[in-house]
Amino acid sequence: MITKDPAELAAFRLKVRRFIEQNADEEVLEAGRKTTSFFPPFDAVMKWHRILHSQGWSAIRWPEEYGGTGWDVPRQLIFEEECRRAGVPLLLPQGISMVGPAIIHYGTDEQKRRHLPGILSGKDFWAQGYSEPNAGSDLASLKCRADRDGDHYVINGSKTWTTYAHHANRLFLLVRTGGSAGKPQQGISFFLIEDLTNPGIEIRPIIGLDGVPEQCDVFFTDVRVPVDCCLGEENDGWSVAKYLLEHERGGGTSFATTFRHELALIRRLAGRTGDGFGGVLADDPVFQDRFIRLSLEVDTLEATEEVFADMEKGSPQSGPMSSMIKITSMETLQRITELGIDVAGTPSLALQLAALTVGSGVEPIGDDDALTLMPKYLNNRAASIFGGSNEIQRNIIAKSLLR
Amino acid sequence: MSTLNQETRAMLADSVDRFIRTEYRFEDRRRNLQHHQGQSPDHWRTFVDMGWLGIPFAEGQGGLGGEISDTVGVMKGFGQGLVTEPYLGVVNATRLLALAEQGDDRQPLLAGVLSGDSQVIFASEGAQGRGNPLAVGVVAEPDGTGYRLSGEKVAVPYSRSASHVVVSARSNGGDTEKMGVELFLMPLDTPGLEITDYPMMDGHQGANLTFNGVTVSHAQQLTEPGTAGSLVRQVHAEGILMLAAEAVGIMETLVRKTVAYTRTRKQFGVALAEFQVLQHRMADMYIDATSVANLLTQTATRWPSADPEQRVVMASKLKARLGPAARYVGQQAVQLHGGIGMTDELDIGHYFKRLTSIELQSGNAGWHRKWLWREAAA
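Sequence lines, in order, name chains A and B.
For the first sequence, this note's numbering assigns the number 1 to the initial residue and increments by one for each residue that follows.
For the second sequence, this note's numbering assigns the number 1 to the initial residue and increments by one for each residue that follows.
So here's chain B without its partners, still in its complex pose (with noise of 0.2 Å):
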């Protein structure tokens, strides 16, 4: 695959852009939340029709084409209209099929995603595993011809549209080897699978999977035996670096309204923006908003042609960058907002809420330095 055309990824930046200043505004998110739990059939549908789902996927299978790195700009977009629609983890979930060696009902499900008419979850963080994409948290012991899967996920990304599930399990091995890792395609029926989904503070919706001995038959594995650590490590690096670009979105637009609200907001006779202590605060925030937005854009050029190891460590780098970036410039945003940005009727807390959601997910910043001192820094 290759990346797009820059006209491409222009036109398909254009086009979110248009959606969220005329479909996905303040008061249409709220509704959308209080109506469809932030999940609305006609907005995937137009996600599908405007081909931002496809972007990832080879045109053979109905996509365009393009790189993960290509959905840098949507993201963005998705940041700074707050939306809650289940796009990333159906994205990550679908990567997983067509990157897939095997599994019996692989490919008509990515044709079905791809068409919007099914939706497929990843289920990646075990119950301990912070994020760690290797400490899957489920167990699959050898049955007969299959497995048996025991143990939990956490805090997955869920659809409320969605038919099946892809999960992480290990058959052997300890939580940070990349051998003794399985995937397996399963539908969310499957029976001994306990759903418990949620929505998350966010206005995202989450569930957790508890596996109670759960019955797998060699046809739903999607890789040879052991093998799909690094089809994993290389999935949740994708997962990144979409959040990230989210964060971006997000931080560069509490930067602005911040800079706005401060010109406007009086106390003692003068705007707050005339207070030097507050100037400071934020260009500090433009300072954290625009170092992750330079070091997302060096990792989206680099990416295409960089192999998997490499991307693993660019999109650590990432993550651990963006944590301390993402929790200063979502608190300053609150707090030159003063008490308006506490309440749910405003939007700057919405954007500090999903921004401290993205901050936890794939790992916190404190897992990827930790893992970057282990794995990386040498």
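Chain A with its partners taken away, still in its complex shape (with noise of 0.2 Å):
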């Protein structure tokens, strides 16, 4: 059931921008200016997601038997144009759009009673430990095991860009369970990890090119966990982590939305910036072109956004179409980020780290809306290479093609 109505649509979208207005403070609102990556500082986005859960809005992609909005596909999107509109941050993916809906979908009922309702309230953190240093876009061949002895598993070895995880309280995890023998997919299970306090685990920060810790190393030595941590059947792993990165893929967040949203910080700042010839940038045909095909491949994308919307999740088409998603989200990113640094030029060479922070207090040097420019460029260089790099995601539509 789509709503079509445009007054009752009006009307929705009045409620949502009243709700943010009243309840989205300060330290909300400067950590969604303050956002450089698609990870938005932790604990103000937490708090934002506690906010949203006390209106019952944390969730607005699941159905309403488990906490979720029950909103349909015009609800949710006027939903998220009105957060970016008001600037407020996205809340994090790992638990509300990954390991949620794979949850939903795979887990037991006592599986579901248990994590649904932390994840929903923003409780637990969940981190997702999938890539290591061996396995990284050939994710199969990960090397990460655990063992059965009894009425638990035994977990060794380690996981790497585990986002988050030094601010977790909870993993979902690809282990190898069954043997060698087979498609390397085969003998991969799916894990629910608790208890990060384990002494066995040890969580060590990784800085990235921006100067700060996104991602992480996670190292498990003989880490003992309940069997029923195993979400789906055991050795079945690889359709659970297949059926969570279509979530990943385009089902989740509208790309287009937050683009758009940084296209317009990027044509303000040029709108004041000299061209280096006494006039201004925003006049100069060159930016004037660039910017024209940025906000191009924006409009192509919220399209391509809402035929796979429609689209059989599991049909023939699905799977190239979220790879054709992923690599043009990304790419388009990639390209807004650097004309984001082309126009913010030298001054968004400061390394900004405190002003960065979210209550710091500390002044950017330069223009504000300049402040995140140079550090986005540098962390979404990422984009194009984790959830599979590009280049599977190539290889994925190429295979599809010449079936």
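Quick caveat, the hints were computed from the structure, so don't treat them as lab data.
On a predicted model such as this, the values are computed, not experimentally measured, just so you know.
Check the hints yourself; a few may be wrong.
[Said to hold, decoys possible] Across the chosen pairs, the derived CB separations fall in these ranges:
#1 A/296 - B/144: 54 to 62 Å
#2 A/359 - B/6: 55 to 63 Å
#3 B/27 - A/363: 29 to 37 Å
#4 B/179 - A/283: 24 to 32 Å
#5 A/105 - B/260: 42 to 50 Å
[What the hints assert, rightly or not] Below, computed lysine-lysine pairings styled on BS3-like, alpha-carbon distance capped at 25 Å:
#6 A/183 - A/313
#7 A/183 - A/112
#8 A/242 - A/112
#9 A/313 - A/242
#10 A/242 - A/143
#11 B/266 - A/143
#12 A/183 - B/257
#13 A/4 - A/242
#14 A/183 - A/143
#15 A/4 - A/15
#16 B/266 - A/399
#17 B/257 - A/242
The beta-carbon is built from N, C-alpha and C at its ideal position, and this holds for glycine as well.
Need the complex rebuilt from these two chains, each delivered in its own frame; the hints are there to steer you.
Dropping the structure here:
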């Protein structure tokens, strides 16, 4: 059931706008302004998560029976548009958009009862343990092992690029439980780890190009977990991971809305930045051409997102289409961040970690709107690497074309 | 001045190479950033003693008597080693002193810099100037026998040991006019001069300088009134030549390291280097890096016999061509390394960041293309 009545949608929009205006405090808005990657500043975004939960709005795509809003697509999009308009940070995806839907789909009643409320409320933050030092694009070659010992598994190995693991109290994990016979995808299980205080788990933050720790290495030494931590069937974790990836890729947040706001910020900045010849950069035809090209890329991405939203997941077209969204959205984003540093110019070279920290009270050097542009450019070089590199996504599309 | 002979140049390049390999390894660099903000007094002493600082200065002034094009080998080495010492900024500023016609403090400071006892920096880029050396961002209003300076300089290559700064300012004319530009030499603790210094994302030190009605006398002026435009443009072009050499050193290093990495990194049971799409990517990186290296060689060879106007055009072409190459090579080096290329721990990301910084400095490629169309396309 899709709402088409404009008056009804307008009323809904107003309600969302009012709520955000009345509930997003300065800390939350500052976190929105200072978000430089897919992962907003942790404390503030979790605070906003809990505020949304108090209104029942933390999971806009979950079914109502699990505590979601049950909104149709037009309402979801309006909600996201209003969030971008107000400048609040987007919720961290690992719980609400990734492991949550997987638990709803594959979880036992007990697992749902145990995990969904904490994800919904923001009490728990889940990190994703997929990649390993030698299993990146080739994820199925992962080596982290879990051996059965009575009612427990014993985990040994390591994970890397585990975003915000240093903030997490929960972890979802791909581990090898089966033998090495057959395809590498077989024998992988999907675990839900509840206790990260286990002394066998070591979490080590990795400093990124932007100078801040966002990713982590996670090491497991003889970590015992109960057998019922397995989501889905033992050795069938690959199916769960694939389902979840579809949610990560295009099934979640609308990139187009976010990107439009980024372009608007850059355009604003170009309007008050000199062109080095006595004029204003926004009047430069080369800037204008790049800007419009990128706007068109965003419009097209939105069209693709709409088509994908109506597509049956798991159909022959949906795989390549989700790869296409991954490629086009991330490359558009990278080009937008390039335009950002080209407009900001040398003033964006100052490293301003303190000014970028929420609540620091440190004034930025230079234009406020330029503060985030270099960190965004640097951080988003990862956008064509993570979630299955763009080379892998192109392989998927080519394979389906040549089938 | 004439160029150094082949033997001297080879000797200088060798000495830089040895320095990078023995005293400026990646771990040394990291420690230097932690303890000296990337600017070590000991290293500076080495730069002076090895003659690197003196390359483009007359022997009578305490230099080696070479041309700026003789610094290309040193700068390539500094690119390979990701050297963060303030060499480029100090050389640019000192060249202004050496080429200037007047100014009371000029000679003693020049001697002090070349002996390694003092340092001077050049504040060139105006807040809205985008690297146009004539869009100076500071206004010089006549005031009694001197001037009052107001305005802002951004992203000044900063040395924490510098005592003086050379400042370009405008007494007359618009952002693209050669006439009406002045150059002043002043101590960094001049009243009314506000300095905000900061580390830059590439490990170098930068500063913004704000002039709140700073009073300067005629004795601090380095050229006849209104005539500094040519000198400012010439030194800007020299800075570009040096930056381009550094960028070439970095790009060649990234091509080499990326090729080596893809031979060892295995995914899907084979080395990354086996994938044709990645082979082609590396071939394109090589083409870009080598194209700019060749253009640099040609530019450096022609430099000594070129007139000042030709040098400005050659430098602009070099910077315009360098921009997209630096961006492509840097981005693809990170991409082909994958996640590890995104980390602070590996050198790849630091090369990428320095290339990004070079791209934006002294006018980005877009600015230079536009300038070439306006000034040199005819």
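Range hint compliance [Cβ, residue 296 of chain A to residue 144 of chain B, 54 to 62 Å]: Once the Cβ atoms are compared, 57 Å apart, the range 54 to 62 Å for residue 144 of chain B and residue 296 of chain A holds.
Between residue 105 of chain A and residue 260 of chain B, does the beta-carbon spacing fit 42 to 50 Å? Once the Cβ atoms are compared, 44 Å apart, the range 42 to 50 Å for residue 260 of chain B and residue 105 of chain A holds.
Given the hint that residue 4 of chain A pairs with residue 242 of chain A, test it: the Cα-Cα distance must not exceed 25 Å. 33 Å, violated
Quick check on a hinted range of 55 to 63 Å for residue 359 of chain A and residue 6 of chain B, using CB atoms only. Holds - the Cβ-Cβ distance for residue 359 of chain A and residue 6 of chain B, about 59 Å, lies within 55 to 63 Å.
Determine whether the Cβ-Cβ distance between residue 27 of chain B and residue 363 of chain A falls within the hinted range of 29 to 37 Å. About 35 Å separates the Cβ atoms of residue 27 of chain B and residue 363 of chain A, which means 29 to 37 Å holds.
For the pair residue 179 of chain B and residue 283 of chain A, does the Cβ-Cβ distance stay inside 24 to 32 Å? Once the Cβ atoms are compared, 25 Å apart, the range 24 to 32 Å for residue 283 of chain A and residue 179 of chain B holds.
Is it true that the CA of residue 183 of chain A sits at most 25 Å from the CA of residue 112 of chain A? 30 Å, violated
Given the hinted pair residue 4 of chain A and residue 15 of chain A, is their alpha-carbon gap at most 25 Å? With Cα atoms ~17 Å apart, residue 4 of chain A and residue 15 of chain A stay inside 25 Å; holds.
Does residue 257 of chain B pair with residue 242 of chain A here, judged by a C-alpha cut-off of 25 Å? Cα-Cα ~34 Å, so violated.
Is the straight-line distance between the alpha-carbon of residue 183 of chain A and that of residue 257 of chain B 25 Å or less? 33 Å, violated
Residue 266 of chain B and residue 399 of chain A were given as a pair; does the straight-line alpha-carbon distance stay at or below 25 Å? 21 Å, holds
Starting from residue 242 of chain A, check that the Cα of residue 143 of chain A is at most 25 Å away, please. Holds, at roughly 18 Å.
The structure is inconsistent with the numbered hints 7, 12, 13 and 17, although it conforms to all the rest.
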